[in-house]
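Protein chains in written order, with this note's numbering: chain A, 61 to 369; chain B, 26 to 407.
Do not take every clue at face value.
As the list claims (entries may be wrong) - Partner residues are not named here, just some residues of chain B that face chain A (Cβ under 7 Å, in silico):
| # | residue |
| --- | --- |
| 1 | Gly31 |
| 2 | Lys35 |
| 3 | Leu38 |
| 4 | Arg42 |
| 5 | Glu225 |
| 6 | Gly227 |
| 7 | Thr228 |
| 8 | Val234 |
| 9 | Ser235 |
| 10 | Leu237 |
If you're looking for bench data, these hints aren't it; they were derived computationally from the structure.
Note that the structure is a prediction, hence the values are computed from the model and not measured.
Built from N, CA and C at the ideal position, the CB exists for glycine as well.
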Amino acid sequence: MEDRAVIVQSLSKTFDKVRALHEVSFEVSRGEIFGMIGPDGAGKTTLFRILSTLMLPGSGQAEVLGTDVVKNYRKLRKRIGYMPGRFSLYPDLTVRENLEFYATIFGTTPAENYHLIRDIYIQIEPFSKRRAGALSGGMKQKLALCCALIHKPDLLILDEPTTGVDAVSRKEFWEMLLKLKQGGMSILVSTPYMDEAAQCDNIALIQEGRILVTAAPHEVTASFSLPLLGVRSNAPWLLLNDLRQWPYAESVQPFGEFIHVIAQPGHGEPQALLSFLKEKGHPDPEVRVLQAGIEDCFMHLMGAPSHAI
Amino acid sequence: MKRFGGFIIKEFLHIFRDKRTLLILFGMPVAQMMLFGYVITNEIREVRFAVLDHSHDQNTRDIVDRITASSYFRLETVLSSDEEIAGCLREGKVKMVLVFDRDFASNMEREGKASVHVITDASEANTASIIYSYAAGIIQDYSRKSAAPASPSSQLTISPRMMYNENLEGVYMFVPGTMAMILMLISALLTSISIVREKEQGTMEVLLVSPLKPVQIILGKVTPYVVLSLINAVSIIALGYFVFGLPVAGSLLLLIAECMLFIMTALSLGILISTATSSQQTAMMISMLALLLPTILLSGFIYPIENMPQFLQWLSVIMPPKYFIIIVKNVMLKGTGLEYVWKETLILAGMTLFFLGLSARKFKVRIDVKTGRKGPFKRKEP
């Protein structure tokens with residue numbers, strides 16, 4: 061058995077004149093959760109459609125579960141579970157009917173693979189007679205996951221499954237994915253949320269059709285070599301402006317309540333920045349040294365592609 | 026097979042849960058039949074008219090009595106001078122004024138020739154001409170019967186009955202036309218919308234990824250509409266028979282088989298439209314403009330093809346409903362068999378195959394994205 065679920069080699073795809081994917085290469089091992097992290101329009105959906113055999117690659121090769129996505133697409137379609145980014149259920153059918161329909165067209169029944177979906181289906185079971193169109197965002201995505209899982213695929217391809225879903229449902233959704241992974245399923249998932257990246261075994265950061273880096277989440281953050289400072293004060297707007305004038309600032313990004321400042325090498329001491337801010341007239345700023353998160357790395361890579369790790 | 030069954034069940038669920046579709050499916054045929062049967066009929070009923078009689082003799086009284094006695098006309102008022110005519114018509118009190126000349130009876134007896142003016146309100150041109158022909162029919166009928174054998178010149182040569190028959194045939198005409206229109210509407214419009222809806226909802230993506238073959242997807246979408254269209258065709262025939270007394274002169278089996286063929290033609294058009302569009306709105310517009318209007322206007326349903334300008338006559342040659350209407354008219358009204366309509370049947374069958382072939386070429390086993398309409402998304406078989 062192939063030990064890699066997905067092998068992509070210098071895949072490119074162009075729409076009219078827009079380059080959606082540019083020489084993308086990566087591999088997904090069997091039984092891992094691989095996260096494709098990137099902003100909207102980075103090319104995630106195009107990539108996933110190619111891997112789900114829905115779209116033809118422009119150039120390059122893609123092999124999923126040991127099968128070429130172009131030559132043997134029909135054989136492959138039975139073995140993958142694809143959940144598109146858009147809502148892909150029938151709004152006029154009930155929860156139960158949707159599930160049964162998707163089970164039927166894959167030649168199975170909900171009962172046959174119930175063990176796979178049980179944990180998540182239990183949460184939506186009370187609404188099984190409700191029309192799918194009347195479900196909340198989180199419920200819809202859970203149902204869509206059930207529908208994608210119902211034929212027991214070897215690889216799940218989930219395109220932004222948690223976009224527009226509340227925080228609690230997102231957490232539950234990811235718990236489900238981790239459980240599926242323990243059951244031996246390979247999962248390829250895309251997300252614009254950086255906090256979800258940490259849950260993946262490996263991630264690829266993608267922007268404008270190019271993969272910036274592929275590594276385990278902790279490797280990505282560990283390889284971040286520049287000093288990172290978090291700054292907070294009572295006047296965030298003024299603070300942001302003043303920080304941008306600090307001569308040793310590589311980049312300044314607001315992140316929630318803290319402003320993240322990447323300093324030039326050798327300028328990571330909070331003291332220096334603190335005195336700079338006091339000079340600027342900030343009475344009581346707070347400066348602390350931070351551990352870089354995925355988002356810091358991503359922002360930094362995006363800003364300066366030449367610094368690629 | 027079980028997969029396919031599940032698909033069809035799903036399709037029926039869609040249809041029965043969508044009130045709009047249901048309304049089109051079942052309300053439309055009945056509404057159209059009633060509309061064309063009762064409202065847009067060429068028959069007239071209880072038309073109010075006025076009389077200006079300068080002669081006041083037995084003959085004019087007889088004529089007025091006869092006209093009034095028919096259910097077509099009702100005497101509203103008797104005028105006393107020419108000046109009143111215009112006002113009477115303008116107010117819309119009456120649709121027709123009969124004016125008898127002086128010495129009507131004596132003229133008729135002496136010269137076998139007398140004149141009556143029939144003045145109609147021609148602001149509704151069609152109605153006016155029908156009213157005229159009805160009134161003329163009654164008057165001529167009277168003149169024929171009352172004329173003395175000695176004066177054959179009073180027998181008029183134009184037979185008003187012919188006018189009447191022509192109108193009657195027009196009434197019969199609406200059943201084949203309505204049938205063509207409704208089958209076209211349901212088969213083409215509803216199927217194209219239902220396929221395009223899957224694209225719009227994003228469910229087509231999942232269907233394509235599933236092991237279902239494209240043929241199965243299309244057949245699954247189409248089968249329920251075949252069944253429902255056939256039910257509709259039969260109910261239109263039944264409505265025509267029971268409500269309007271229109272008999273099926275030819276073989277009922279042949280008629281239904283021809284309906285089936287036309288349903289196929291319309292469905293293949295619907296599929297073709299759905300492969301070419303990606304939004305329900307566009308599918309609807311195309312169905313309406315490219316299918317429904319030509320069905321009504323160019324198929325000979327309402328306007329005879331022979332009366333059209335040459336250019337439109339050529340255009341009508343490629344209209345499938347034209348052939349269907351010819352077939353139905355032949356089988357239903359004239360009672361002819363397949364030996365008289367085989368040519369039209371073959372044309373319809375050919376068109377169906379052509380449309381199906383074209384859609385099979387255009388149907389994509391992969392999705393097409395708005396940004397790339399051509400080139401990279403062409404269907405590619407391994």
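Hint check results:
Among the interface hints, the one on B/Gly31 holds; its C-beta lies about 3 Å from the nearest C-beta in chain A, closer than the 7 Å criterion. Taking 7 Å as the C-beta contact cut-off toward chain A, the hint placing B/Lys35 at the interface holds, the least distance being around 5 Å. For B/Leu38, the shortest C-beta to C-beta distance to chain A is roughly 6 Å, which falls under 7 Å, so the interface hint holds. This hint holds: B/Arg42 has a C-beta 5 Å from the nearest C-beta of chain A, less than the 7 Å allowed.
Using the Cβ-Cβ criterion of 7 Å, the hint placing B/Glu225 at the interface with chain A is not satisfied: the shortest such distance is roughly 10 Å. At about 4 Å, the closest approach between the beta carbon of B/Gly227 and any beta carbon in chain A falls short of 7 Å, and the interface hint on this residue holds. Given hint, B/Thr228 at the interface with chain A, holds; its Cβ is 5 Å from that chain's nearest Cβ, closer than 7 Å. Evaluation of the B/Val234 hint against chain A yields a held restraint, the C-beta minimum of about 5 Å falling below 7 Å.
Interface hint at B/Ser235: satisfied, since its Cβ lies 5 Å from the closest Cβ of chain A, which is below the 7 Å cut-off. With its C-beta approaching chain A no nearer than about 5 Å, B/Leu237 sits inside the 7 Å limit, and its interface hint holds.
Going through the hint list in order, the structure does not satisfy hint 5, though it satisfies all others.
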